[in-house]
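J.: Here's the letter readout for the chains.
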Amino acid sequence: MTEAALIFAALLAIACVVVVALPFLKEPEPESDSLDEFDEGERRRLELLESRDRSLAALKELEFDHRTGTISDDDYRTLVGPLRREVASALQALERAASVQPPSDDGEGRPPAGRS
Amino acid sequence: MARKASPARLVIALSVAALLAVFLLYTSIAGGGNPSIAPSELAGRTGTVQLAGLVVGPVTGDAHAGGLRFRLRDIGGESATRIPVRYTGSVPDLFKAGRHIVLDGRLRNGTFVAEPGSMITKCPSKYAPKRSGDSA
Amino acid sequence: MPELGRAALVVTLGLSTYALVAGAAAAYLGRRRLALSAQNALVAAFFSTLVASGVLLSALLRHDFSFTYVARTTSAALPTGYTISAFWGGQKRTLLLWLLVLTGFGALAVRLNRGWARDLIVWVVPVFGAVAVFFSFLVVAVASPFAVQPAPADGAGMTPSLQNPYMLAHPPLLYLGYVGLTVPFAFAIAALLSGRTDERWLIATRRWTLVAWTALGIGQLLGAHWAYVEVGWGGYYAWDPVENAALMPWLAATAFLHSVMIQEKRGMLRVWNVLLVMLAFSLSLFGTFLTRSGVVNSIHSFTQSSIGPWFLAFIALTVAVSLALLFRRLPQLRSPTRLESPVSREAAFLYNNLLLLALCLTILWGVVYPLLSEAVRGEAVVLGRSYFDFFLRVFGLPLLLLMGIGPLIAWRKASLRSLVTTFRWPTAVALATGVVLLLLGAGSSVPGLVTYTFAAFVAATIVMEFARGTRARKALGAATWPGAFHSLISRNRRRYGGYVVHAAIVLLAIGIAGSSAFDTVAEAKLRPGESMDVGKYTLAYRSLDERQVENATEIRATLGVSRGDRDLGTLEAGKNAYTIEQQVSNEVGIRSDRLTGEDLFVIAEQIDPDGAVYFRVFVKPLVNLIWIAGLVFVLGSAIALWPDAREQRRLVARAREVGVPATR
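Residue numbers (this note's numbering), protein chains in the order written: chain C, 1 to 116; chain X, 1 to 136; chain F, 1 to 664.
Incorrect hints may have been included.
[As the list claims (entries may be wrong)] Quick look at which bits of chain F chain C covers, simulated, 3 or more residues with Cβ under 8 angstroms:
hint : region
1    : 32-39
2    : 410-418
3    : 470-480
[To be verified] With a straight-line Cα cutoff of 20 angstroms, these simulated DMTMM-like cross-link-like pairs (lysine to aspartate or glutamate) come out:
hint : chain 1 : residue 1 : chain 2 : residue 2
4    : C       : Lys60     : F       : Asp644
5    : C       : Lys60     : F       : Glu264
6    : F       : Lys474    : C       : Glu61
7    : F       : Lys413    : C       : Glu61
8    : F       : Lys265    : C       : Glu61
9    : F       : Lys413    : C       : Glu63
10   : F       : Lys536    : F       : Asp593
11   : F       : Lys265    : C       : Glu86
12   : F       : Lys413    : C       : Glu86
13   : F       : Lys525    : X       : Asp62
14   : F       : Lys413    : C       : Asp74
15   : F       : Lys525    : F       : Asp545
16   : F       : Lys265    : C       : Glu50
17   : F       : Lys413    : C       : Asp73
18   : F       : Lys474    : C       : Glu63
19   : X       : Lys96     : F       : Glu581
20   : F       : Lys265    : C       : Asp53
21   : C       : Lys60     : C       : Glu50
22   : C       : Lys60     : F       : Glu647
23   : X       : Lys96     : X       : Glu115
24   : X       : Lys96     : F       : Asp608
Since the hints were made in silico from the structure, they are not lab data. The structure displayed is predicted, hence computed values, not measured ones. Don't be surprised by glycine CBs; every beta carbon is placed ideally from N, CA and C.
Here chain C stands alone, though its shape is the one from the complex (with noise of 0.2 angstroms):
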């Protein structure tokens, strides 16, 4: 029993030392290997993504309130214009994003999509 308890032990052991090491036996040598971290511009394209998300989304809760009754008239009228503003501006600020750098080229050579 010990024996083959202990056979089954160093295998588990050499088993996840290889897990372990996996990454750097599939590439010994690779070209890079910075963290894939998003760079500044991709971050900033994602926040402003998630904050348009965020207002459109807000918009929407406010709609169906007001339909659904919790709302009332004069209430939705005072919330809705600054909602609309904010996603007017959140779209804005995206375009402008945009404007500066092309999401789906990277010009770097890079490819733009799939990176794990």
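Chains X and F: place on chain C using the hints.
T.: Only chains X and F this time, still in chain C's reference frame:
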């Protein structure tokens, strides 16, 4: 947009103050809890306390008629104190001589008279101590 | 065999340390392959823990009593299901289960989010590694499940009251909850470490938090039900420290679930949310510590426990490091938006948070007070159930009311006129219900009456929301009313799932109020042939029987139950005497009335040799609503959790716009 002072801080401050007030009111009215002591510390105490100790036999009497009688000693230590206890009310299943139990009550004429139904047995290998007494 | 288990745990410890150190280095230095390697280490740690768990499980199933743990918690005669449950039934084993679930969740959370939240994931790995190091260190060096001994002929057996189906499910669910809260915590810390202080970490962990919270809630209800039917003292919650250990993190998590919505919608409360998730995680560590270290009895038993001091040290370290990180990032956490009005949905959520937190902290105070007073004054002062009941009412009742108000108030600022219009009908319903109940005699308990009234208010608001929503969807073009109802829910899963959960809480409140504020109790010593009255019921003690089963002797008193002149059948109550474990357990008799949800609860307290039995009988109105509430609760959570195809498509489209893989 003009920067208005946010009511959030005021709201939070007032709420915390309100909660503290409720808390202080309660503890001043209800007076906190009962001290939990060992049988060797019982001598001379007159108020209601929670007594925690080991059951010493013989166990006689009927908890539902006249009272269950047994004695209680310290859980650890070498104290020789054996406090006679008279208990009425529900008795937890795990109760027997040698068990660690806890009950509320006061010392009267040398006997610890327990509040009915206040006995709890503490069993180390279980999830929660078994108890009897008031409903939740 | 135990050597394999021990070795596997050492491997887990090694892998966790690697995940911590290499992961932190990779994140700090920006090294891709090292980061991947650390991620793999986390996944491998799960598998080696799985191997160790397999070893223990096989030892349990083989009844291998050379394992100290197997000998201490099972016996040869124990039914297989309960033998398996011994895996999580004892002290040392639950830490192994913690570790297993922790590494599993860590591996899963990292894999699911590695695409779109990659700047967070690099830091999530070392945080998970750190927690895994702690738990694997405990199971390797301090409290190993694989201690061996010369095998005795038979094991000590499982405590009889733990041999119950509810006890099979209760601990795993609680552990899913405790460990599940590690995920949002790890992401929050990762957000602080990486400087990504926006809402990304919340959205990544939204479903994890909901699953953990639901598991914790259901686990507690199962525990309460177990206490009710198995321990059988007539109640379901005793404010015991072990029970509070699970309630406190659940309350903190409830507060967190609500304030998260505010941050998602308005970007507010960023610091608050980080603090809340830290509190929830620390409380779940504290809860595990409370149940496993024996500190509840007294400080002295705590210092004798082997794992107690380690847990406290780890909790202190976690709190210190988290607070330090938070302080460092404080300037970046300033929200762009402010609270505009004390009468708004944000404000209602804030009040909800304050009340939940207040309740959580008063319970925490009640739990640690005996320990603190013993450390300070040398004398442990125990706060009784009246302390907890008082604060449950003071904070719980306003919370109940808020549940009805919050969802219907507008964001940012609600005008008084709109409030009057919105709440006109629910208030009327509540007042009418209150008056009717008062006339029916519910005035005997003021808190009970208030609970019922508030519950009616909230129920009315929920019905109103569903009705108005369905009507709006029908106006938008749905073909049929059921179709409108279905599309309403499927387009707003989180919102309407939340309403269903609120409905469950309403049922819970009604059940608790009914069974504790309006119950009846009677006691009598009966000889065979005698009877007693309890409320509207009459119980006739007919006979006492004794029978032998697999591992116990069952003694049962048979009673005839009738109400007025209607015969309601028989009820059995008595005791079981377990041969191997040398213990006696209470077996209560419960008759549940299907129409009214009322329970007739009979305890055979004392069985005299001459056949006389001392009975203690309760009538508990509406108590079964509590268990039904559990089912509604699961339904609501399931609705809120259900994957939303529309939302998925939106996320994929957004990711494509940026040029990022959208794996979630």
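J.: Hint compliance check: list the failing hint numbers for this structure, sorted ascending.
T.: none
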